[in-house]
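Protein chains in written order, with UniProt numbering: chain A, 1 to 155; chain B, 1 to 155; chain C, 1 to 155; chain D, 1 to 155; chain E, 1 to 155; chain F, 1 to 155.
I should point out that these hints are in silico values taken from the structure, not numbers from a laboratory. Please read all numbers here as calculations on a predicted model, not as lab measurements. Treat the hints with care, as some may be off.
[Claimed, not checked] Computed from the model, here is a short list of chain D residues facing chain F with C-beta under 7 Å: (1) Thr57; (2) Ile60; (3) Ala155.
Note that the Cβ used here is the ideal one computed from N, Cα and C, for glycine as well.
6 protein chains.
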Amino acid sequence: MSKLTHTDSDGTAHMVDVSAKSETVREARAAGRISMNLDTLDAIKTNMMQKGDVLATARIAGIMAAKKTHDLIPLCHPLALSKVAVEFTFLDDGIAVESMARLTGKTGVEMEALTAASVALLTIYDMSKAMQKDMVISDIRLLSKTGGKSGDWSA
Amino acid sequence: MSKLTHTDSDGTAHMVDVSAKSETVREARAAGRISMNLDTLDAIKTNMMQKGDVLATARIAGIMAAKKTHDLIPLCHPLALSKVAVEFTFLDDGIAVESMARLTGKTGVEMEALTAASVALLTIYDMSKAMQKDMVISDIRLLSKTGGKSGDWSA
Amino acid sequence: MSKLTHTDSDGTAHMVDVSAKSETVREARAAGRISMNLDTLDAIKTNMMQKGDVLATARIAGIMAAKKTHDLIPLCHPLALSKVAVEFTFLDDGIAVESMARLTGKTGVEMEALTAASVALLTIYDMSKAMQKDMVISDIRLLSKTGGKSGDWSA
Amino acid sequence: MSKLTHTDSDGTAHMVDVSAKSETVREARAAGRISMNLDTLDAIKTNMMQKGDVLATARIAGIMAAKKTHDLIPLCHPLALSKVAVEFTFLDDGIAVESMARLTGKTGVEMEALTAASVALLTIYDMSKAMQKDMVISDIRLLSKTGGKSGDWSA
Amino acid sequence: MSKLTHTDSDGTAHMVDVSAKSETVREARAAGRISMNLDTLDAIKTNMMQKGDVLATARIAGIMAAKKTHDLIPLCHPLALSKVAVEFTFLDDGIAVESMARLTGKTGVEMEALTAASVALLTIYDMSKAMQKDMVISDIRLLSKTGGKSGDWSA
Amino acid sequence: MSKLTHTDSDGTAHMVDVSAKSETVREARAAGRISMNLDTLDAIKTNMMQKGDVLATARIAGIMAAKKTHDLIPLCHPLALSKVAVEFTFLDDGIAVESMARLTGKTGVEMEALTAASVALLTIYDMSKAMQKDMVISDIRLLSKTGGKSGDWSA
Numbered sequence: 001m002s003k004l005t006h007t008d009s010d011g012t013a014h015m016v017d018v019s020a021k022s023e024t025v026r027e028a029r030a031a032g033r034i035s036m037n038l039d040t041l042d043a044i045k046t047n048m049m050q051k052g053d054v055l056a057t058a059r060i061a062g063i064m065a066a067k068k069t070h071d072l073i074p075l076c077h078p079l080a081l082s083k084v085a086v087e088f089t090f091l092d093d094g095i096a097v098e099s100m101a102r103l104t105g106k107t108g109v110e111m112e113a114l115t116a117a118s119v120a121l122l123t124i125y126d127m128s129k130a131m132q133k134d135m136v137i138s139d140i141r142l143l144s145k146t147g148g149k150s151g152d153w154s155a
Numbered sequence: 001m002s003k004l005t006h007t008d009s010d011g012t013a014h015m016v017d018v019s020a021k022s023e024t025v026r027e028a029r030a031a032g033r034i035s036m037n038l039d040t041l042d043a044i045k046t047n048m049m050q051k052g053d054v055l056a057t058a059r060i061a062g063i064m065a066a067k068k069t070h071d072l073i074p075l076c077h078p079l080a081l082s083k084v085a086v087e088f089t090f091l092d093d094g095i096a097v098e099s100m101a102r103l104t105g106k107t108g109v110e111m112e113a114l115t116a117a118s119v120a121l122l123t124i125y126d127m128s129k130a131m132q133k134d135m136v137i138s139d140i141r142l143l144s145k146t147g148g149k150s151g152d153w154s155a
Numbered sequence: 001m002s003k004l005t006h007t008d009s010d011g012t013a014h015m016v017d018v019s020a021k022s023e024t025v026r027e028a029r030a031a032g033r034i035s036m037n038l039d040t041l042d043a044i045k046t047n048m049m050q051k052g053d054v055l056a057t058a059r060i061a062g063i064m065a066a067k068k069t070h071d072l073i074p075l076c077h078p079l080a081l082s083k084v085a086v087e088f089t090f091l092d093d094g095i096a097v098e099s100m101a102r103l104t105g106k107t108g109v110e111m112e113a114l115t116a117a118s119v120a121l122l123t124i125y126d127m128s129k130a131m132q133k134d135m136v137i138s139d140i141r142l143l144s145k146t147g148g149k150s151g152d153w154s155a
Numbered sequence: 001m002s003k004l005t006h007t008d009s010d011g012t013a014h015m016v017d018v019s020a021k022s023e024t025v026r027e028a029r030a031a032g033r034i035s036m037n038l039d040t041l042d043a044i045k046t047n048m049m050q051k052g053d054v055l056a057t058a059r060i061a062g063i064m065a066a067k068k069t070h071d072l073i074p075l076c077h078p079l080a081l082s083k084v085a086v087e088f089t090f091l092d093d094g095i096a097v098e099s100m101a102r103l104t105g106k107t108g109v110e111m112e113a114l115t116a117a118s119v120a121l122l123t124i125y126d127m128s129k130a131m132q133k134d135m136v137i138s139d140i141r142l143l144s145k146t147g148g149k150s151g152d153w154s155a
Numbered sequence: 001m002s003k004l005t006h007t008d009s010d011g012t013a014h015m016v017d018v019s020a021k022s023e024t025v026r027e028a029r030a031a032g033r034i035s036m037n038l039d040t041l042d043a044i045k046t047n048m049m050q051k052g053d054v055l056a057t058a059r060i061a062g063i064m065a066a067k068k069t070h071d072l073i074p075l076c077h078p079l080a081l082s083k084v085a086v087e088f089t090f091l092d093d094g095i096a097v098e099s100m101a102r103l104t105g106k107t108g109v110e111m112e113a114l115t116a117a118s119v120a121l122l123t124i125y126d127m128s129k130a131m132q133k134d135m136v137i138s139d140i141r142l143l144s145k146t147g148g149k150s151g152d153w154s155a
Numbered sequence: 001m002s003k004l005t006h007t008d009s010d011g012t013a014h015m016v017d018v019s020a021k022s023e024t025v026r027e028a029r030a031a032g033r034i035s036m037n038l039d040t041l042d043a044i045k046t047n048m049m050q051k052g053d054v055l056a057t058a059r060i061a062g063i064m065a066a067k068k069t070h071d072l073i074p075l076c077h078p079l080a081l082s083k084v085a086v087e088f089t090f091l092d093d094g095i096a097v098e099s100m101a102r103l104t105g106k107t108g109v110e111m112e113a114l115t116a117a118s119v120a121l122l123t124i125y126d127m128s129k130a131m132q133k134d135m136v137i138s139d140i141r142l143l144s145k146t147g148g149k150s151g152d153w154s155a
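Turn these sequences into a full structure, and let the hints steer you where they fit.
Here it is in structure tokens:
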């Protein structure tokens, strides 16, 4: 860009240039959890929620949200994701989500995995909120990333 | 993914991994039709519909819809389409649509071609429904696909 | 608008003005079907498709597509839908879909119901196409509409 | 809907009908937090992050995400939000977000407030992840809701 | 909101609350122009552009963009537009666009009209840029607005 | 496509095929300006606008709009942008915007740069229109493009 930066002291947000990065297979895994009462958890397990099958709906919502990441997070690059998956496991006091995103491309997919986990958890909340309003979403975090110049990382 | 699959017996929807597929030129062609009364068809042919030019609007709607396919069909991959086209031909009792989508990439474009045809036909319905409500959309199908490991296919 | 219409002979597409219409409860129901081989149908019934639960995914895709109708069909008004539902029934040679959309508003919801049915059927195709490519989507049509000045209508 | 429900035992997801609900002013407030190292927090406070102003970007991302809630959460109704706001406060070990959404309409805005908070936090992660990858998003929860037949609620 | 405003000195962007405003019919009209060479203008007039019918495509793009305004302009409210129209007139050295948007609602539609005009002009540029790259878009401005507490206004 | 072109005389819009083009680094720069009163300009400079920080919001809106270009301009290809930036400079009677987009791909990014500039300027208008309604957006134009078979170009 030109020298037009003198007005930008308070907010020079910009998408980082990735055009010089190499195309490699990149993968990220993220996780999170939602805590709830036993009654709420039982209603999900037995598919008795009035709005329908909670986990099937949340899984699809998470996958579709991963594809929208660049439309939600202002400085994320649009990506041609090659795989997205979202899985759930029942805890004693709630549900854990684990997500992964994979890409052959020039930039990492951490935000895609984190967005999939977040929206899957928000969907569980939405499907169950008629029964319980004080569910809490927590522990949304990156588990690992592989590929790219900065190397592999795991929590 | 990890072993978190024991909760997934009713809906393990996931995007299939295409990261190991090779980038080739892939093309798909699809078709469909909408049946209507002669009066409705004449109004379209003579561009007398109140809402405006039916086929020009439907063609653009179909092209734009192909670009949204991954946002409509939950497990479709986002794709960098290299070409989309939508064409119409008048039948005795309606209008036929033929669509094509092309890509240099790792996955086929059948759904993009089918989505273009479907939305073009829905747009014809929308532009004409003030005149006739019982139009029927039918014969939406894949005509052919080329490229990719699974080889070429035609109906 | 002003008299700037002399350039518009080939395509005066425009959204019809609904500001003078009254707000009433409006409902539309639509239907469609997809034909397939018995093997494909069995794989869906027994939830053996590689991509996951076909009908749960297709139902959610149809509901979400209804909310995107104004973004797909160029001259459709954006609407605050109050309900959308998508249901399936097994046929001997395929699957039938029935959709409904409801609104308290100034314009009908026919296109929302038709879009939900179309995208649900496209999703069934996508989830099953690894097994069969010559499935055909047909009979997409309006079943009924109620509410609004033009009165009720049924097929 | 008709009796086409016998195929739906595993996933009868549907948008709940709100057409009979009355239009009232509804408001929801939500909150969440992201924990991080002191160095990361300092870089945000002093606006030294390479990607630009973290909080201004996250605030706008949260507001825009609230408007996309119905496009992210499958069974949420599209809403004509009358206000959205997102605020941040610095903690010793991270940043707290508080969001609110307001509507005159037929359905609550809990999911809009929760989505705004979640996406604002994800954006903070994205803007800061070059410095720290093990930040954790937690405590996403509803603080209060007012309006609607089910009455007011607060955590 | 709470007192969490002390971090907000550099960017307290927020959607203005319109919940207390009354629902009235609101309308806005906007305009703009694109200048070009005679050869380019002739190619548009005679529908000889390689990409297809320029004005039909630009009109639909403008109408569809008006419906996306809240998704483009961060603090715009989502609106249930009741009408959008886009018209063109040929000038000696280019093309003028005039747009209008109408709504029965709580907030004005100036941005919807301006967005329709802008995107229609960008589409003309896109359809014609193979022939001329130095076309200039200018004079995008509000012509008038009616409805709402602040009263009518015209340029 | 087949010979189905005889109905297309009034609007054969189609996405140009880029599948045979080579992947190169492509960059485009665009510019534009908005004129306003001194009072309005001062309110922006001193961050006193009621809606919040005008330039930080406009910059993010421009960047996000570049990513939506293919969703706004009907025949634009979806692109995996590698960088987008938007910069402002104060003029005596308004604000100038300069944008750039970069891509390693098969097609140019002129429309992405022009869309970023246009939406950034529309956002400045939106944030400031409570103070002044007769601001005018003008001089939206391509500054330069590099990469691709057609070679470099600058205004």
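Taking the hints in turn, this is what the structure says about them:
1. The criterion of a C-beta within 7 Å of any C-beta in chain F is met by Thr57/D, whose closest approach is roughly 6 Å, and the hint holds.
2. Interface restraint check for Ile60/D: the shortest CB-CB distance to chain F comes to about 5 Å, inside 7 Å, so the restraint holds.
3. With a least beta-carbon distance of about 28 Å to chain F, the hint placing Ala155/D at the interface is violated under the 7 Å criterion.
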